[in-house]
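So the sequence lines, in the order shown, correspond to chains A and B. Per my numbering, residue 1 is the first one in the first sequence, and the count goes up by one each step. Per my numbering, residue 1001 is the first one in the second sequence, and the count goes up by one each step.
Any given hint could be a false lead.
Derived lysine-lysine pairs resembling BS3-like cross-links, with alpha carbons at most 27 Å apart [unchecked claim]: (1) 11(A) to 1195(B); (2) 28(A) to 16(A); (3) 154(A) to 1195(B).
According to the in silico footprint, chain A covers these stretches of chain B (three or more CB under 8 Å from chain A) [claimed, not checked]: (4) 1013–1026; (5) 1104–1115; (6) 1161–1168; (7) 1183–1196.
Hints are computed from structural coordinates only; laboratory data are not their basis. Note that the Cβ used here is the ideal one computed from N, Cα and C, for glycine as well.
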Amino acid sequence: MEHYNMNLTLKVWRQKSANFKGHFETFKVAGISSEMSFLEMFDVLNEQLVAEGKEPIAFDHDCREGICGMCSMYINGRAHGPWEQTTTCQLHMREYKDGDTIVVEPWRANSFPVIRDLVVDRSSFDRIIGAGGYISVNTGNAQDANALPIDKQKADESFAAATCIGCGACVAACPNTSAMLFVSAKVSHLALLPQGDPERNTRAVNMINQMDAEGFGSCTNIGACEAECPKGISLENIARLNREYIGAVFSGSGESKS
Amino acid sequence: MNWKDSFSTSIGKKLQMSLTGLFLITFLLVHCYINMQIFYNDGGTRFKEAAHFMGTNFVIRSVELGLFAFLILHIVQGLLLWAKNRSRRTVKYAVSAGNKTSPWYSRSMALLGTLILLFLILHLSKFWGPNRYSQTFGAGELDLYTMMRDEFQMTWVVVVYVLGCIALGWHLLHGFYSAFQTLGLGTNKYKGMIKAIGVGFSILVPIIFALMPVAFYMHWIQ
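In isolation and in its complexed conformation, chain A is listed as follows (with noise of 0.2 Å):
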């Protein structure tokens, strides 16, 4: 692939905190490499910006590889930029051309407040993964895990789900704000499997109260989550939380813990 250098026009959401007002900002970055990465040319934008004296544009960043889902850019109208199954990380500057604008905006929902810029907060992922995302284990010695025996298919459907990364894409991407995406990988992977199977009922039920709590819009089957999820989590998955849930309220066993 061909090497070269741009100049670009950026726009970017600059918010001091949630309790301020946002606005765009333009900015000029010359001599960008078509192999560095999105974030990489943020790197060079915000030394740019300490060199004059202002201040760099915050934005969420971790293992910069595709794994960590911190890296939550609305980049030209499509979360993570327009490459399928990728994370900002992940996008690289040969999409772009010399003199390209390129417009870039937070997560925006009103469960995702912006912390800073570019930074918004996702602890109301965590609230709901601790509502019931987890299998409750007794003390002793971890069992061997060929034990039981696992359907092949259910182990691999299992995997898929648990490939979601909690990035929130599936959130911003949404015309809604639903998190039915996040939801379902992470009721899947664990009802797809015995371990899981146990507590499947309550799980259902409590995640999906504590998604709501949580002020996330509702599910209406558009479909923008899964063309925008950066780990190709299958709305076959939301099926299945349907599934689970009316299982567990008409069965009456999904008894909500206090």
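With the hints as your guide, set chain B onto chain A.
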């Protein structure tokens, strides 16, 4: 958690939309089949027979009450969900993904539904309303076939009916699949089949409905 409480959760509301929607889909099938009798072009003999049965049978008239209840629930719950979901993103995106990540009609169900509702008000005030009024106040059943033939000579009525059917088609294109997905049937095994039947239904049924006013207007049937 009591199962009754589940109606107030987000999935419970989805279920209401799904089940009432499926009932309305079933109604469309019956309504379409009855009205298709006009295509025999027999001066309305078969149609009148069917319409008389539907308009006077005790069981059908009882189900009609349920139909209105479900229709109103579908409309009210749909609009409430729309308003609630819209309020969850106070600061909107400056640039939106548009049709790159989802089809426009899936995002426009409230708009399409409102258009169908406006059409329904006109439709009911032209046929169902006058007929039930006449039945209730002793004047007996009206000749719906002749009423159709007369109404569908007016160009604006035919245009509104065709537009109503187009809105219905787009609404069904999302709604049919969505109803099954909400019931948890949108698995990889069945998704393709449900989508295929949904597309067929959403194209075929509105076209047959739209052909009725058009056929009268063009004098294909007398």
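A quick look at each hint next to the structure:
Taken as a hint, the residue 11(A) and residue 1195(B) pair is broken in the structure, with Cα atoms around 40 Å apart against an allowance of 27 Å. For the hint linking residue 28(A) to residue 16(A), the alpha-carbon distance of about 21 Å falls within 27 Å, and the restraint holds. With a C-alpha separation of about 24 Å, the suggested pair residue 154(A) and residue 1195(B) falls inside the 27 Å cut-off, and the hint holds. Here's how the region 1013–1026 of chain B fares: 3 of its residues keep a CB closer than 8 Å to some CB of chain A, so the rule of at least three is met and the hint holds.
Here the region 1104–1115 of chain B counts 3 residues with a CB under 8 Å from a CB of chain A, which clears the bar of 3, and the coverage holds. Given a C-beta distance limit of less than 8 Å, the hint that chain A covers the region 1161–1168 of chain B is violated, as 0 residues qualify and 3 are needed. With 7 residues bearing a CB less than 8 Å from a CB of chain A, the region 1183–1196 of chain B meets the requirement of three and the coverage assertion stands.
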